[in-house]
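Student: What follows is each chain in one-letter form.
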Amino acid sequence: MWLANTRRRASSGETSRRRDLLRLLGAAGVAGLAGCSGDGGAGTGTGTGAETGTSAGGGRSDQVTYTSASSVDAQSLNWLTTADSTSGAFVTATLDGAWAIKPGQEIFPLWADVSTDDGRVYEIELRDNLRWGGDYGQQTAEDWVYMIRNVFQAEPNWSGYPNAGDWFRQNPDSGQREPIPVEKTGTYTFEIQLFDVDPSFPFKPVMWRQQCIPRALLEQYVPEKDGEGLRQDEELNTLAYTGNLGPYTFEEWDRTSQYVVTRNDDYYLHDADVPDRFTNAPYFEEKAFQILKEESARLGALRAGDVHSAGIPPDKASQFETLESVSVNVTPQPYARILVYNMRANGWEPFRAKAVRQALAFAVNKRAIVENVLRGYAEVAQTMQPRWSKWYDDSTVVEYGVGDRYGSETTRSRLADALSETEYAYDGDALVDGSGEQVTLTLYFDQGQPTEQTIGEFVAQEIQQNAGIAVEPKSISTSTFQDKFVKTSPPQGVEPEWSAGVFNGGPRDVATSAEPWDMSINLQFNTYPFTPASSKGFFEKQGGINFYGYYPEADIAGLYEQASQTTDEARRQELFGEAFGLISEEQPFGFLAMPSSISGYDERVVGYDEEFNTGWDSQTWRFR
Amino acid sequence: MSMRWYVVRRVLWAVVATYLILSVTWGLLALTPNPAAEQLQFRAAASGGSAEAAREAFEARRGLDRPLWDRYSDYMVNMVTLNWGWSDSRSQPVMEAIAGAIPYTAVYSVPTTILSVLLGLSIGLYSATHQYTRTDYAATFFAFFGYAIPNFWFAIVLLLVFSVQLGWFPVVFDPDVPLVGFAMAHQLVLPVVVLVTGTIAGVMRYSRAEALEYVQAEFVKTAKAKGAGEFRILTRHVLRPAAVPLMTILIGDILGIFLAASYLVEVVFGIPGLGQLSYNAILAQDTALVLGTTLIFTFVAVIGNLIQDIAYTILDPRIDYGDR
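In the order they appear, the protein sequences are chains A and B. Residues 1 to 624 (this note's numbering) are what the first sequence spells out, left to right. Residues 1 to 324 (this note's numbering) are what the second sequence spells out, left to right.
Please keep in mind that the hints were generated in silico from the structure rather than gathered at the bench. A portion of the hints provided could be inaccurate.
What the hints assert, rightly or not - Under 10 Å between C-beta atoms, here's a sample of chain B residues computed to sit facing chain A:
id, residue
1, 42
2, 92
3, 104
4, 165
5, 226
6, 230
7, 250
In this text the structure is predicted, and so the values were computed from the model without any measurement. Ideal Cβ positions, reconstructed from N, Cα and C, are used throughout, including at glycine.
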């Protein structure tokens with residue numbers, strides 16, 4: 001076939017590299033925009049001539065390129081300047097980073113191990129066989145401390161490093177947001193001295209998969225704070241400094257087309273005390289990421305065998321499950337698809353009442369969304385944590401929209417009770433306002449996302465049928481939604497009592513979005529199964545992300561804080577369990593479903609599994 | 001002399017027009033909120049971080065933390081000095097980005113243009129001389145079919161049928177094969193077919209209409225009476241007078257070699273050409289790259305108009321620009 005003897009490009013199913021993880025787990029970001037989560041990797045490979053080698057017993061498979069398909073290209077290989085997951089995936093193929101997290105939420109040391117006695121001061125110990133490329137020599141603690149202090153914690157942020165905020169925390173002594181102290185304690189060791197106890201620290205993106213840059217390279221730009229020079233540095237943009245620090249070495253990047261890395265024969269894990277499968281890794285001679293923006297092209301390439309992995313949308317998954325050449329892998333992911341209610345002054349005021357939100361939760365059949373719209377590739381969502389998470393406590397979570405806690409009669413009776421002291425009441429099947437007019441609400445969904453549109457229309461239909469509220473589904477682009485609906489601010493000239501930033505510009509009676517809206521499913525929220533405390537801002541009156549104007553009745557944020565500073569894991573589970581139970585009971589938003597991630601792999605590819613965060617060990621994947 | 005003065009004036013006006021277009025483009029980009037910045041802010045806020053810090057970091061990375069006038073003057077000076085700056089969305093010099101994309105656009109737009117002009121003219125002239133025959137109807141149907149069918153959809157159908165199902169052509173574009181060679185031609189068959197069927201209708205119908213004006217002309221009848229063959233009549237007696245008005249679209253089509261970068265076709269077939277480059281630059285609000293690509297398109301369009309006008313005088317000496 002045409003690709004025989006040429007590179008096979010593939011994509012990203014395995015791209016659980018740091019920034020991918022940031023996206024998937026919420027490390028870097030939290031709430032993914034609807035539609036972002038379906039992209040993905042791609043790939044399949046039919047077995048055309050290129051894959052001639054086999055690997056017996058985990059041996060190397062020569063002459064083989066593993067190719068995955070990606071819907072988007074990277075922005076840069078200079079990771080100091082990027083915040084997108086594709087760039088992160090490209091770079092992480094050549095730079096392992098500090099450590100990985102195994103599916104059971106267990107640290108797997110890569111460049112470094114982490115330890116702590118008290119959950120506040122963490123010691124990072126680097127391996128002693130890490131070598132930079134070029135003339136930069138050994139990677140030492142000096143490189144890390146210099147980079148953290150002079151780039152990550154620089155004020156102002158002259159480099160534009162996107163995750164600089166992770167390196168600042170509130171100091172309880174001064175009450176100010178200050179840089180986290182970092183001290184070198186040996187050639188290969190340094191300490192990170194948090195201001196407060198934080199047992200989740202190793203699982204946060206601050207150091208998880210964190211990469212480093214040689215001090216000597218940074219010294220060219222730090223003294224003059226030369227951000228432009230740093231952005232355009234050739235070594236940073238061609239990954240020339242990666243040495244033995246990753247399973248692959250940069251080969252080429254044809255922008256908008258492909259990214260190729262080749263096996264690193266000096267990979268530092270070859271000499272490390274790690275499971276056998278790592279000591280010969282990687283098993284692909286080459287790894288390629290093929291950029292295919294059009295979904296049909298990605299899926300066609302997977303089907304035809306031109307790529308070895310690709311993301312598959314739910315409505316196409318069943319087609320691939322019947323193919324012998326492709327193995328469909330379904331993994332849970334942390335994003336919750338939710339129905340956001342606008343409780344601000346330009347929304348529907350009754351949403352402010354917990355009883356109204358609870359009543360509406362009876363109106364939508366979540367099981368139908370999971371089975372019929374998402375084709376079974378999802379789980380029902382009930383709170384800000386997936387059921388498979390260790391922080392989810394069945395005994396505290398109140399379920400809605402399933403079994404006998406779904407239906408028209410229950411919804412109407414509860415809604416009638418909840419609205420009994422307002423102008424709203426039922427007139428026959430319809431909910432009407434004080435003037436006898438049918439209550440009509442808007443529901444926004446993301447333009448160009450067929451699955452989301454179907455969910456939106458289904459939810460609208462359910463609320464109309466079961467609650468007697470007319471719902472008008474409306475499509476809107478992501479950027480417009482962000483600009484006109486998510487940003488909130490007080491009217492010009494009005495000074496609000498408080499402000500929590502651009503997305504929560506003040507009390508809900510004062511600060512509103514530019515355009516009125518009632519409900520939306522445009523955003524998916526990250527539930528952070530590894531670091532659940534990261535979602536605290538969603539449930540605080542003055543949370544920076546509370547664009548919907550939710551005022552919690554229970555002290556959910558207090559429970560979050562208490563849990564996040566508790567080192568006893570059993571107690572922490574108890575506290576988080578309680579918090580997620582309260583969230584499910586208060587229904588700050590309508591939790592609908594947690595879609596799974598679906599990837600197709602060439603049937604000869606082995607190494608992945610069906611657990612969350614599969615891909616943490618992608619350097620050990622191989623052809624059977 | 002008058003012709004020369006006309007050309008000089010047109011070129012000077014082209015410089016002014018280009019400056020205005022670049023300034024307006026820059027202004028629009030500066031005014032438009034950047035979705036990427038907003039998304040980063042949202043992510044930061046949603047993970048408990050500072051949206052404000054995320055915005056500041058983004059602006060620092062993009063150089064947006066400088067005063068508007070500084071940014072504007074820098075960009076304009078860069079344009080004039082041919083140092084078109086750094087593409088933030090691709091992390092490479094703008095010149096390099098454009099130079100890298102042009103060959104991939106050229107490899108499909110050159111054959112597309114040649115084929116659509118040749119086939120369009122041929123079919124148009126044939127239809128004109130065989131008006132209302134079955135072959136005329138068939139040619140018209142073919143032209144309108146190609147025109148009516150959406151390129152994007154047609155490309156996907158061809159890809160699925162001929163690449164995925166039949167395996168005749170590759171699904172994935174390989175940029176590593178030589179630009180001129182069988183492998184490149186092989187993988188460009190489907191994109192070229194899609195584009196040719198989409199563009200042939202205009203040339204065909206226009207040339208048919210123009211040719212029809214002369215098919216029954218006295219000088220054509222005279223040529224026939226003198227025993228001139230059909231091919232000679234078409235090319236020497238019909239095409240020549242018809243060519244003057246046809247220049248309007250022919251020059252445009254030839255310039256299409258540079259401008260016909262089709263974003264949609266590039267997306268479906270994964271070709272890293274100018275279409276994707278310019279469109280992605282706009283989406284990413286990559287100011288330096290947008291201005292670079294805009295300058296190229298503006299230059300080609302302005303110069304193209306000039307060539308078109310000059311071509312009239314060459315084809316028809318009766319046309320004079322002396323008093324314009």
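Student: Run the structure past the numbered hints and jot down the numbers of the failing ones, going up.
Tutor: 5, 6, 7
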